[in-house]
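There are 2 protein chains.
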Amino acid sequence: MASVNVGSVFSAEEPPTVLYVGQHETERSEPVTADLLRRAQDRGYDILTTPITTPTFQSRVLATLESHVQQLNASPAPGTVPLPIISPFTPKDSDLIPEDSNSSLIAVTSPWTDIGSPDPLIAHVSQQVFSLEVAYAAFCGISNVLVHGPISGQRTVRFARAVLEALGLGPYVQLHILMPMTGELEQDVSADGTHLAELARPEFAELIEEGEDEGEPDLYASWEMWNTIRTISLEVPRGLPPLSLQSRWYSEPVRLLMFPRTTFLRNGKGFPVLSKQHQQFLTHLLRLRFPPWALLSDVGRIPAEKTTASTSEPATEPTPAEAATARSRQESVQGPTQHLHYMRHLQQSQPSRPPIERFGLGYQDYMQSPLQPLTDNLESITYEVFEKDPAKYEWYERAVALALTDLRATLGQGRDIIVAVAGAGRGPLVTRVLQASRKTGVSVKCFAVEKNPNAHVLLQRHNAADPLWAGQVTVVKSDMRTWPGPLKPSGEIGKADILVSELLGSFADNELSPECLDGVQHVLYPDHGVNIPQSYSAHLTPIATPRLHSDLLTRASSDISMTVSEKWEIPYVVMLHQFDNLSTIPATPEKPRTPDVQQAWSFSHPISPDILTHARHRAGGTAEPGTPNGGDGTNDHNARSCTLRFACPDRGTCHGLAGYFETVLYSSPQPSNGNNGSPQTIELSTNPVTMDDKSKDMISWFPIFFPLKTPIYVPDGSEMEVTMWRQTDDRKVWYEWVVEVYVRVDSEVGGNKRMRVGMSELHSSRRNGCLM
Amino acid sequence: MASVNVGSVFSAEEPPTVLYVGQHETERSEPVTADLLRRAQDRGYDILTTPITTPTFQSRVLATLESHVQQLNASPAPGTVPLPIISPFTPKDSDLIPEDSNSSLIAVTSPWTDIGSPDPLIAHVSQQVFSLEVAYAAFCGISNVLVHGPISGQRTVRFARAVLEALGLGPYVQLHILMPMTGELEQDVSADGTHLAELARPEFAELIEEGEDEGEPDLYASWEMWNTIRTISLEVPRGLPPLSLQSRWYSEPVRLLMFPRTTFLRNGKGFPVLSKQHQQFLTHLLRLRFPPWALLSDVGRIPAEKTTASTSEPATEPTPAEAATARSRQESVQGPTQHLHYMRHLQQSQPSRPPIERFGLGYQDYMQSPLQPLTDNLESITYEVFEKDPAKYEWYERAVALALTDLRATLGQGRDIIVAVAGAGRGPLVTRVLQASRKTGVSVKCFAVEKNPNAHVLLQRHNAADPLWAGQVTVVKSDMRTWPGPLKPSGEIGKADILVSELLGSFADNELSPECLDGVQHVLYPDHGVNIPQSYSAHLTPIATPRLHSDLLTRASSDISMTVSEKWEIPYVVMLHQFDNLSTIPATPEKPRTPDVQQAWSFSHPISPDILTHARHRAGGTAEPGTPNGGDGTNDHNARSCTLRFACPDRGTCHGLAGYFETVLYSSPQPSNGNNGSPQTIELSTNPVTMDDKSKDMISWFPIFFPLKTPIYVPDGSEMEVTMWRQTDDRKVWYEWVVEVYVRVDSEVGGNKRMRVGMSELHSSRRNGCLM
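Sequences listed follow chains A and B, in order.
First residue of the first sequence: 1, per the working numbering; consecutive thereafter.
First residue of the second sequence: 1001, per the working numbering; consecutive thereafter.
To be clear, the hints were calculated from the coordinates, so they are not data collected in a lab.
Stretch by stretch, here's where chain B covers chain A in the computed footprint (C-beta under 8 Å, at least three residues):
no.: 1; stretch: 79–93
no.: 2; stretch: 605–611
no.: 3; stretch: 716–726
no.: 4; stretch: 756–770
Which residues of chain A face chain B? A few of them, derived with a C-beta cut under 10 Å, are:
no.: 5; residue: A160
no.: 6; residue: E165
no.: 7; residue: E736
Straight-line distance between alpha carbons at most 20 Å, and here's what the computed DMTMM-like set of lysine to aspartate or glutamate pairs gives:
no.: 8; chain 1: A; residue 1: K709; chain 2: B; residue 2: E1566
no.: 9; chain 1: A; residue 1: K709; chain 2: B; residue 2: E1761
no.: 10; chain 1: A; residue 1: K696; chain 2: A; residue 2: E394
no.: 11; chain 1: B; residue 1: K1709; chain 2: A; residue 2: E761
no.: 12; chain 1: B; residue 1: K1732; chain 2: A; residue 2: E165
no.: 13; chain 1: A; residue 1: K732; chain 2: B; residue 2: E1165
Being a predicted model, the structure only gives us computed values, none of them experimental.
Backbone N, C-alpha and C define an ideal beta-carbon position, used for all residues, glycine too.
My request is simple: use the sequences and hints to build the entire structure.
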């Protein structure tokens, strides 16, 4: 059973990459007018940034501040000088006026302010400037405002509070906080001007954050600031931080990517290009459901007059002599839009997406409740979507072929091998069984069992019309759990040698494969019968996914019968995209960095007949003399639990658990040279660590996501402990999960101690469990 | 202005202490029948505990388990032996039957089970026993069930999960988890029986919690387990843990106190008594709004026949010879109910409560929204309650007397001192001013200004009827902010020398004293005018208060106009009772352990006239040429903020901030020998650290509580950082608060690092701010 309820059909066509590119200058030489914007758009830019206020305004603010400080110094007693006030804008203070074209502008607040200052005077003046600016930009109809992030080493909560306050100034304004990926911003935000931060008085210095200058540079400090703030624009530096930190930023709602000129390299011909790493980072971000815009900063001014030939520039290859000259006179020779043209070139030459991403286009990070396969009947289109999987059915065919060969060797040539497909759907597994039979030369008698009356019609039609089926398949309309078994020509009920099914969900057992296979096991020969799959396991790892968390926060419950709180207590099937793994295994020369995905539990089939007998005795709480008995508990043997520990090297916020599965369809007991050297174990996997080795390009399953009601903060070098249960009663199956966070600290008295620093609630999907 | 909206009147009569006492035996020698209960109640016990199952049942479970382990050992393959099932009770398994008297019983689940075992076999068997027992007790009509807490060093989440599951078995059953105050339970819970925990298989040993056996014994481990579970019964050990840990337990909803026989000492006469420390701990708990019950464990069996003389036993003083014999044959000579009689004696001799507790009886931990003093008019009964404060008005009189003496010295004998009481209410401050005048011999002219038209009537009546007032008081009906000033006999508007007010709230400025006093400052002489109070400050400290947190969780919003989320974003006036301070300053030989209560900010009056002028210019966003101006901001100068750091020695959960205030009513500039050696600074304080020194027995103010939406875990040796704002606009005043938690860790690469491990949301009472 595949895992997702899609209506879309697998498409080979990929839509073109969308990329909005803007131009930014740290110090604009001319006002950003409708005319300048038109010229920029003629050149190929989509957007321009504009300062909100002029240098005249900055001078006025500084003069006000200086005069206040003089008054303070002259004042006899503290508390007698009123705080300075920045009076409203005059026309000299801002070049902006309301215009229709302003929707293509991003307004930039004054980078020389310091709204998070611990000095109340600086904070007071900065907040006034900031409020005046945001309110005026909103009044002029600009809906995107770029704000420089907090100054390094500053109390982030004060900055965050000031930004929150500003959000109230214009309900339609989107604030983008400009943050460096790590460390400090590369571009000097005000080369000539004075930073108000420098004017802060020393008596407030104690409020500056500590702990930054000890030990190694704190790569994650910038991310942590952002994590306190939660809306963003990201400056991409020339030297990218480690992949782990790139991946963290990737998981956040980045709306703007700022590329300073210094981020570009020069290729052999003197043209600006991005490094391979930068290209990969950009590609990664452009595959998001809502990709960020790109802002090119200080890459050349928009010329005053239109240059019609400009679009052909990148095609003109300079001679070596020209290139040498170019390197010495970069600005003029390269032309003002070379960076833009390079970005457009990247946009058009984006590599195509891997199959599962192409398949799931539009489904990135879209959460769906898992199917209720035992109570719902699927529609034909759903079957059709999954039948297109390029890997899954091929692997099933190999597994069946291997099992047929092995069984023929065990049972001899005396009779056909009896193969039952349990849950045949529209018949793709039946076709693969027949193909495996033809390829191996092992003759079979095939039974197709299906409970869905609508699919049953198609199965009969197939049997009559398909030349491979050729009327030899016995089609049975039945829930597999109540099917007596294959009818022999003699009229007796027989047994099957092989039982093939596809009942797995995104978390292996979450669509009740264990319960269904228990229910049909009576048709299988107890001694030599083979179940395909033979075993499967559930795997999980903790992740940071602000997108899914905020989607859940804002959504009403996904079902009107669910309470608001219940939406946090069900697992979701989702094509995880914009997320970060919190627990990773570092890269080695042989292997790239991978998430630490651990096995929660596993199931094997067939199970011991004693356990099935015992389970039947318990059904309905029966207590017969002489038999083991009890209350509810007929499905006790399919309960599981695990406690897993995940090392988390870098701090982050955990929003939930990502779940995957692996399954062994068939593992041959024969040594591998017995089968022409081809593999003897056929496996499927959605576990990102093993999927490429075991079943590359499989598209049938998206991962599963177990959310946390309250995100839990995970410090550097901590350990997450996940306890999870698969719970059962006589009617339902559900999951429960709880997460704890520990750090190791040196206690003052004793030695090294494992200390709990956080714990989630116990989550339970009992009320929305899967019905048997 | 006092802080609480009570309808109750200060009562000198204290109701008798309530204490339910029960008897517990770790191994009952006879079934707990209605007859035994009657005999115990005749002896003076209120309740009895009873095991739910018999030793026969324990043997049956052990036999089942042994037979299963034998099967496992004999089994060829893993996973082929069904899990053992405990079949339903037979009459031999339990002595309990449904009876009306069962409501006076506490049922005890089998202490030899181990529902939190990491071994799935032990957990499975234990959970079955536990479920059968709880369900049967519920069926028999027993509503209180005692459950032994998790075994030390065990995964608490599995135990907690099992208990949560059991809560579903009987909706009216209250589970009490028996925990030691620290370390292990003193009483050996099953001296003869076998603990299932001992049978757990070694392969599951890795799941045992680590970190306990390194360094010093972990006092708080038991509390931390409980913190994961959240319902409780507490065993009181012979050696009580430190006061800090006693205080932690005190803050939790302890429903039962279990006193093992070993907890009692023997006094000189051989009678069982509790140590002074134990008595204090008990007294503390008995003052809770819902005091716990006491269970005496193994203190002597209930005799088979009634002893009518039993109640007189403690009064009989044995001779020295008898006492010596008693010591050698304790059980029989002491009699079976000596411990009970001692408890009854303690119950009857409880010390009386301090004044504020007596005053607030029934208001412990009851949260109220603060008054809106500028928009609501108080009722007479509210005034009356606060006028009974034994300290507050006395201190005001001293402050006025001191100020009158000083002003007479400054101004000479030429004229009456003009005293204005702003917000006179029913006149208590006017009376004190007149008394201070009489006592010091400094003649005054007194003005009483009151906006409440109803109180105004009473003021006029007083002036006519009260011999002290004697018609000399000028009663003015006006909001103090619009009162022009004292009318001179000449008909001119004059100024006041002293302005007395009582506008403080529980957090000093939270009822807008700064704004009101700014508004009336124009009536005060600018050069020598005295404001009483002269200054005041807000103070806070982080606390653990599970009771208030769960009250807020379960209450609908306190006002129908409030959203569910807003109830977490307003401060509450509350007589804090069942709470624990998370940040404390250790005891020294000179001083007991005290909470670390830090000052947030302060206000002084009168303020600089420049600031008032400036504020007036800003009102309504006026911008006149040549004047400083701006948007909203007329009350900017009354905004405040602070960032405070609190060291937290022991781990805990922070549920919010407790707020207090201090105020200097008047501080004389004269040296203290100038006033007969009596104190020259008159202060009031609700800060628990200074209140006894500054204004003992004051009852007018309860503390304020700023809740946190999500409680934040505070590890051992961590630091909490609280950032708080008093925000203002032209219409309202409100508070904002955010809490962060840091620990110091040794980073692998660099040195010692301050690492954030938790952070609260930013809370804001803006929507429910105090209207100006």
